[in-house]
Structure formats: C-alpha cells, structure tokens
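Asks: Sequence:
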Amino acid sequence: MIPRDRSHARPPPSPPRLLFSQNLASNASDEGKTAGFALSPGFITGVTVYAVIIFIVAVIGNSLVIYIVSAREYMRNSTNILIANMAAADILMACIFPYMLKWLYVMSLWFGTFMGTALCKFFHSAQVLSVACSVISLVFISLDRCVVIWFPLRRIFTSKVLKASLAASWIYSLAFSMPLIVMTTTRRDAAGSYHCREFNWPTPCAKN
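With our numbering, you'll find the sequence shown wraps up at 208, consecutive numbering, no jumps.
Note that these hints are calculated values from the structure, not bench results.
Note that the coordinates shown come from a computational prediction; the quantities given were computed from them, not determined experimentally.
A few of these clues could be false.
Computed list of lysine to aspartate or glutamate pairs in DMTMM-like fashion (alpha-carbon distance at most 25 Å, straight line) [to be verified]: (1) 121 to 189; (2) 163 to 189; (3) 163 to 73.
Label pairs and their in silico Cβ distance ranges [to be verified]: (4) 98 to 192: 19 to 29 Å; (5) 147 to 98: 35 to 45 Å; (6) 46 to 167: 32 to 42 Å; (7) 95 to 75: 23 to 33 Å; (8) 103 to 150: 25 to 35 Å; (9) 200 to 171: 19 to 29 Å.
Built from N, CA and C at the ideal position, the CB exists for glycine as well.
The task is simple: from the sequences and hints, build the whole structure.
Replies: Structural data, given as structure tokens:
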C-alpha cells in the first residue's frame, strides 16, 4: 500500500460551541453596544408593526373570550372557565410586547426609582408566568376531559375543585417565575443611565 501524504492535511475546525460562547461573552460584556450586529430601520419598523398587530388582536380576542364566559351563564362549565384562565395568561403575555420592542430601540436602558425596579422584575418574569399558567391550565383541561370519559355519571370537577385548580395554576406559575423576579433588577452605570437586566445571577457575564 502507498502511504498517504498527511503533510497537506487540514487542521480540524474548532468546535462551533466555543465560537458561539465567545460571541455571547463578548456581546454580554458590551453594555452600551448592540448585540454584535446592526438592525436595519426597515426590519425594526416591520417587527414593530407586526408586534402592534399581534398585541391588538391578542388583547381584544382574549378579552372577548373572558367576557363571553363570564357573561353567559350556560358557558360557565369547567372547561370554558379554564380556557378563560388561559386567555388571561395570554393577555399577560401580550402586555410584555411593548417591553420586548423596547430592546430594538434602546436595548437595556430603563429608569430608576422603586417603580422602575418593580416593572423591570414584572416584565422579565411575565413571560415565564404566562407560559407556565397556560401549560398548567391545559393540564387541568386534559384531566377534566379524562375524568368525564372515565366517570361519565360523576361530577368530580366541582366548583371547589375548579377554584382550587385556578389558584394552583397561578401559584405554581409564580413559583416558576420566582428566579427571574429575584435575579432581575435595575442598575446605574458610570454615565448615570439605568439598565434593566438579570444582574443578580452568580456568573461573571451577569455582573458586567
């Protein structure tokens, strides 16, 4: 056999995970810069218009669901009430759209005082709170339908069980979002500007 010439062998490429982590570290260290790339004005305008449309449709649509379930007595069964609970969680998700759009224009810039810190914690944790509540509500809806099929002549989801399910969905969701509530805060930089970020995580990137 003829031995293969390895003198021109290419060196193995570096793992993409390291490159990605280096980019994340460099982006996290630049507080006043954009995240390593520049967004065109057309892209920002398109995302803003798209988000405004979704915000209006989400608020109006989910508000109608809550109104119909609460105003019509024949609609107040266990499944519809849990669906209305999901609609309330979706409205909470829609409320953070303005904060998400804020990052396209001013990044992490925020304002001080107690209200600034409270709103900073709320907007960062509202997404987790909304998603967790929607998922738990879907679990209770599945359990309700499963119980109806297994025990068609018994009513297990009574009003007390339903109220306990609604309370449990929000309590468990609040527990899921508690780490973000604790770790998110506002901080003033050397230039006197306030920033809203997750500063309290015990990592070097969070402390920069």
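Asks: Each hint should be assessed against the structure and marked as holding or not.
Replies: Verification of the supplied hints:
Restraint check: the Cα-Cα separation between residue 121 and residue 189 comes to about 18 Å, which is no more than 25 Å; the hinted pair holds. Of the pairs offered as hints, the one joining residue 163 and residue 189 is violated, with about 46 Å between alpha carbons and a cut-off of 25 Å exceeded. Proposed proximity of residue 163 and residue 73 is supported: the alpha carbons are some 17 Å apart, at most 25 Å. Between residue 98 and residue 192 the beta carbon distance is about 24 Å. The supplied range of 19 to 29 Å therefore holds.
Here the CB-CB span from residue 147 to residue 98 is close to 40 Å, well matched to the stated 35 to 45 Å. The hinted range of 32 to 42 Å is satisfied by residue 46 and residue 167, whose Cβ atoms lie roughly 41 Å apart. Roughly 25 Å separates the CB atoms of residue 95 and residue 75, a value that falls within the hinted 23 to 33 Å. For residue 103 and residue 150, the Cβ-Cβ distance of about 47 Å falls outside the hinted range of 25 to 35 Å, so the restraint is violated.
Range check, residue 200 to residue 171: Cβ separation about 23 Å, and the 19 to 29 Å hint holds.
This entry does not satisfy hints 2 and 8, going by the numbered hints stated previously.
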